[in-house]
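Peer 1: What follows is each chain in one-letter form.
Protein chains: 2
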Amino acid sequence: MDQNKLKIYQEMLKKGLAEQPRIEEIVEQVLRNELKNIFLVGCGGSLACMYPCKYILETNSQLPVYIYNAGEFNTIRPVQFNQNSLLVLSSYSGKTPETVAAANYAGAIGATTIGFTGEGDSPLGQAVDYVFTNQAETGVTASKIVLLYQIVFNLIKRTDNFQQYDQIMAALATLPESLVQIKQQVEERARQFAKDYQDQQFFMILGAGPCWGETYSYATCILEEMQWIPAQPVHAGEFFHGSFEIVRDDTNIIIFKGEDKSRPVTERAETFSKKYSQRVTVIDTKDYELPGVPAELRGYMSPLVLSAVMDLFSHYLATARNHPLSTRKYMGKVDY
Amino acid sequence: MDQNKLKIYQEMLKKGLAEQPRIEEIVEQVLRNELKNIFLVGCGGSLACMYPCKYILETNSQLPVYIYNAGEFNTIRPVQFNQNSLLVLSSYSGKTPETVAAANYAGAIGATTIGFTGEGDSPLGQAVDYVFTNQAETGVTASKIVLLYQIVFNLIKRTDNFQQYDQIMAALATLPESLVQIKQQVEERARQFAKDYQDQQFFMILGAGPCWGETYSYATCILEEMQWIPAQPVHAGEFFHGSFEIVRDDTNIIIFKGEDKSRPVTERAETFSKKYSQRVTVIDTKDYELPGVPAELRGYMSPLVLSAVMDLFSHYLATARNHPLSTRKYMGKVDY
Chain A
3 MDQNKLKIYQ EMLKKGLAEQ PRIEEIVEQV LRNELKNIFL VGCGGSLACM YPCKYILETN
63 SQLPVYIYNA GEFNTIRPVQ FNQNSLLVLS SYSGKTPETV AAANYAGAIG ATTIGFTGEG
123 DSPLGQAVDY VFTNQAETGV TASKIVLLYQ IVFNLIKRTD NFQQYDQIMA ALATLPESLV
183 QIKQQVEERA RQFAKDYQDQ QFFMILGAGP CWGETYSYAT CILEEMQWIP AQPVHAGEFF
243 HGSFEIVRDD TNIIIFKGED KSRPVTERAE TFSKKYSQRV TVIDTKDYEL PGVPAELRGY
303 MSPLVLSAVM DLFSHYLATA RNHPLSTRKY MGKVDY
Chain B
3 MDQNKLKIYQ EMLKKGLAEQ PRIEEIVEQV LRNELKNIFL VGCGGSLACM YPCKYILETN
63 SQLPVYIYNA GEFNTIRPVQ FNQNSLLVLS SYSGKTPETV AAANYAGAIG ATTIGFTGEG
123 DSPLGQAVDY VFTNQAETGV TASKIVLLYQ IVFNLIKRTD NFQQYDQIMA ALATLPESLV
183 QIKQQVEERA RQFAKDYQDQ QFFMILGAGP CWGETYSYAT CILEEMQWIP AQPVHAGEFF
243 HGSFEIVRDD TNIIIFKGED KSRPVTERAE TFSKKYSQRV TVIDTKDYEL PGVPAELRGY
303 MSPLVLSAVM DLFSHYLATA RNHPLSTRKY MGKVDY
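Heads up: the sequence lines are chains A and B, in that order.
Take the first sequence: its position 214, counting from 1, is numbered 216 in my numbering, and each next residue is one higher.
Take the second sequence: its position 231, counting from 1, is numbered 233 in my numbering, and each next residue is one higher.
Just so you know, the hints here were simulated from the structure itself, not pulled from any lab data.
Cβ atoms here follow ideal geometry from the backbone N, Cα and C, with glycine treated the same way.
Some hints could be false.
Under 8 Å between C-beta atoms, here's a sample of chain A residues computed to sit facing chain B [said to hold, decoys possible]:
id, residue
1, P232
2, H243
3, F246
4, E247
Using the sequences and the hints, build the whole thing.
Peer 2: What follows is the structure, encoded as structure tokens:
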């Protein structure tokens, strides 16, 4: 792994953590309106990275939370979205038309908006009330998750009598060190995976709970978008009610196993998969040390651990296949 | 198409419609408690058939609605699920362990439960407050959607000043005739599809809004579970942010195009798909007559039209492939 990229990755995490005072101010301003619900809206990877926040809210908060693809959000216009809503949006380019349109719609009806984007003067950056910029060569997703966590946990602290806020902030502060350690530790395994699976033509990716976002984005944004390999994301709990019937002993299955409440759901899918396929790869966040993170908070960190580990898997897979992660046929190349 | 099965299908729809008085009573009882939110919980096809209700509620109601795989629901236990919640559950066998466990959890905390199951004395039937039985050789999904619609629209009528209730009930009453007509009309097209696609090894199924449930279940429950053909459900709005990069001129794509608010999202995916693949099948609900259904209500009927059409596609595909829809490797055959 490129040491310079590792350094940038770490700096992006630290930069995200350094925003805590500003986030606390923003949350204070957001709460001056009577906050009724939260909408998480984006497309593809920018949507997927918000799934852990859905989990955090649904397991800790009385605030209703909804997650939408921006195109669907704009056309169906959920009736509960109004001037008492908080809309969190994300688009790295800041130009995704659906996401910019969602921000403009929110502005027109008076909802509060927070946006994540590469550059503050992008269309998305200009359309939102509060903008976080995250332009970098690497580390964008990890820093965004850390920023989102600070926002969401601060909101819960102030609205739901949540006691673990300080502990969680302290746990997040350990990540720039430990996630870099994990990346270094996983290097050999990632290289071996690439060697074993570089010629495969279909993958099934399983996960649940806060790890669903990584499950979904690893299949659709890494394997399909960046490697042109068909890859189906399957919710580990849903697996037994349809998709598992296509499993054969040579089906490539990657399982994302977090330490959150949904772990038993994923374990069940793991047991079955290992029994009927010879080609199962389990990424278990439990295998990775997170010094300074109490056991009961490790589940929240699982999406970040998975993302760190899978960055390496993607890198070595692309290298082995001689198919750079940046290659596209259509995205940004043709009109659609 | 077997005329006897068509008759059963029609009778199941009529049986569902005949429950209207009982449904109105049940809704009245449900509303005696202060109703705070609605949870739709199940697995696989039994979960997928509830997606249209999510759409109806989010576009018409101030009641928060959440949809969960039963396994995930049981492990994460959303904090907003309490004695003021309505839990709607579905399991045809009535024995799906996750779904029965969800009903029992609801009972323990005092939430109200409505269940759909083949037989009333099944574990699910016994665990819920109100049970609807729907045992039949065919027509189970269609009758269940009609029952769910009556419940949800009646709830909205009473809680959200919804004006179209009587019109929608009148529109639903036309379906036993028109859906059978549609099934007869689509027969030749379904037979041709089976002939053209019987040897294919991968499909992408696209849809959005209230048609997402059929998109998801056609891929995972019909093509994967019942035909053992890998098939990925892709949200039409998400398509452009990952999965579309695997499209080649020989990629098999089936598009479910409803007449609901999300139609433009699906149209965009259709335009792209037809430009870059030679193997695109579009099921557009607009092509099918629904006498007595006003134009502005047709969107709600789209999931039912799609389900009627795709029943025929499944039947002829299974016949052409000599792989009965009832064949399973694992489901109900091995422990998991």
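Peer 1: Tell me, which hint numbers fail for this structure?
Peer 2: none
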